[in-house]
Amino acid sequence: QVIINFRAFLPDGTKFDDTWARGTPFRFSARIGQVMMGWDLAVVQMSLGERARVHVPSVFAMGHLASGPVPADSDIDFEIQLEQVIRIDPSCMIDNCPPPPPAGPVPGPNAR
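Numbers in our numbering are just positions in the sequence shown, counted from 1, shifted up by 645.
Watch out, some of these pointers could steer you wrong.
What the hints assert, rightly or not - Lysine to aspartate or glutamate pairs mimicking DMTMM-like chemistry, simulated, CA-CA at most 20 Å apart:
id	residue 1	residue 2
1	Lys-660	Asp-718
2	Lys-660	Glu-724
3	Lys-660	Asp-722
4	Lys-660	Asp-720
FYI, nobody ran anything at the bench for these hints, they're computed from the structure.
Here the structure is a predicted model, which means the values were calculated and not measured.
Given the sequences, and given the hints that come with them, work out the whole structure.
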């Protein structure tokens, strides 16, 4: 699992999401299809603490689907910072591993 902060931009430069502004990083399990393929491909190449600008072509983003402010067939540009890598216990075999938590915002210290 990884925890990232990011800003997301449409091709015209319009920012449509920003975890830094919300104060809520985003957690997901990499390489299992929990998020868009462009994130999976980018994040696994990043070093802890690295900040990168990532251009995600539509085929590796939302594809033909529209979602919120993102039109169908849109490329998306991101600024991503890899905040944390949560290692999985190597003794965990595929058949007896607990399921990963759902992708989404990381609860803050005051969350209940």
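Quiz item: Out of the numbered hints, which ones does the structure contradict?
Solution: Of the numbered hints given earlier, the structure breaks none, since each of them holds.
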